[in-house]
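Student: Sequence:
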Amino acid sequence: MQIGVVGGGRMGSGIAQVFAAVGADVTVVESDAIAAKAALTRVETGLRRAAERGKLDGTPSQVLSRVEFVTDIPSLPMNADLVVEAVPEAPELKVRVLTAVELAVSTNTVVATNTSSLSIGELGAVLVHPGRFVGMHFFNPVPVSKLVEIVLGPNTRDDVRDKALEWVRLLGKADVVVRDSPGFATSRLGVMLGLEAIRMLEEGVTDAESIDRAMELGYGHPMGPLRSTDLVGLDVRLAIAEYLERTLGDRFAPPKLLRDKVERGELGRKSGQGFYPWN
Numbered sequence: 001m002q003i004g005v006v007g008g009g010r011m012g013s014g015i016a017q018v019f020a021a022v023g024a025d026v027t028v029v030e031s032d033a034i035a036a037k038a039a040l041t042r043v044e045t046g047l048r049r050a051a052e053r054g055k056l057d058g059t060p061s062q063v064l065s066r067v068e069f070v071t072d073i074p075s076l077p078m079n080a081d082l083v084v085e086a087v088p089e090a091p092e093l094k095v096r097v098l099t100a101v102e103l104a105v106s107t108n109t110v111v112a113t114n115t116s117s118l119s120i121g122e123l124g125a126v127l128v129h130p131g132r133f134v135g136m137h138f139f140n141p142v143p144v145s146k147l148v149e150i151v152l153g154p155n156t157r158d159d160v161r162d163k164a165l166e167w168v169r170l171l172g173k174a175d176v177v178v179r180d181s182p183g184f185a186t187s188r189l190g191v192m193l194g195l196e197a198i199r200m201l202e203e204g205v206t207d208a209e210s211i212d213r214a215m216e217l218g219y220g221h222p223m224g225p226l227r228s229t230d231l232v233g234l235d236v237r238l239a240i241a242e243y244l245e246r247t248l249g250d251r252f253a254p255p256k257l258l259r260d261k262v263e264r265g266e267l268g269r270k271s272g273q274g275f276y277p278w279n
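If you're matching positions, the sequence shown starts at 1 in the working numbering and goes up one per residue.
By construction, these hints were calculated from the structure, which means they are not laboratory data. One or more of the hints may lead you astray.
[What the hints assert, rightly or not] For lysine-lysine, the following DSS-like pairs were computed, each having C-alpha atoms within a straight-line distance of at most 25 Å:
no. : residue 1 : residue 2
1   : 55        : 146
2   : 146       : 270
3   : 37        : 270
4   : 173       : 146
Make a model of the complete structure from these sequences and hints.
Tutor: What follows is the structure in C-alpha cells.
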C-alpha cells in the first residue's frame, strides 16, 4: 500500500506514523529540507513513544524505514493508493496543494483532505476528478486518538467512501460518516464548547483548570475544552471559529480573549503558552 501525506506538521506526521505502523509505504511532502527534517523527528519520536507503550509491531527504525521524506509534490508516487492533504487551514493553500496533487498521481488515487471545517464541496470543486475526493478528519494526537471523521462531498463516489472506511479500520480506528456541512459534526460541536469555555474564563466565572475539571469529571470528557484548545492551537481554533461565524452566524463569534492571545503569540502547546503553560 502506497500512501502520500502532504504536510509534515503535528497532524501530517501523525498520519504518516499510523499508516507506516500498519505496513504501508509512506511518502511525506514538506516545503524544504529543514521542514522535512523536523517532520522526520516528529515521526521518529512518535514511533519511539508507541514502542514504549507496547503499541508498535517491530522496532521504530524498522517502521521508519517505510517512510520517505520529499520536498515537492511531484515526488509523490504516481501509483499511490491514497494521498492525504494535511497543510494548515487556509483555503487558498489547500486548493494549491490539491491541484498539484491531482497532477502528480494517477486517476485511481484517492485524494483526501484532513480539514477540520472547510467545505469538501468547495475544495473538491478545483479538481478535475472530484468524485475521488473525500474528507478524512483525523484527531490530534493521531496515534492515540480513536476517531476519524469521514466527510462526503457532493461528488464523492460510493467506492471512495468505502475505501476510506477500510483504511480507517485498517488503522484500528473508529469512524463516523457525515455529509459536507460547515464544521462537520465534530468541529462544530467542539468549537462551540471551546468558545463558551473561553467566554466563561473571560467573564471570570472560574479559572481554566476548574472549567476543564468540570467537563472531565462531570461529563466524562477525556480532556477539558481549554486544554484541548491548547492542544489544537489557539490560532487554529480562531480560524475555524471565524469560518463558522461567516457560514453559520454570530453564535460562533470568537471571544476577545481568544483573539488577544493569538495576537500575543500564545498559541497553546506549540508556542509554550496558551490557557496553560507548556514545557
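Student: The structure should be examined with respect to each hint, and the outcome stated for every one.
Tutor: Structure-based check of each hint:
| no. | hint | verdict |
| --- | --- | --- |
| 1 | 55 with 146 | holds (14 Å) |
| 2 | 146 with 270 | holds (22 Å) |
| 3 | 37 with 270 | holds (17 Å) |
| 4 | 173 with 146 | holds (5 Å) |
Taken one by one, the earlier hints all hold for this structure without exception.
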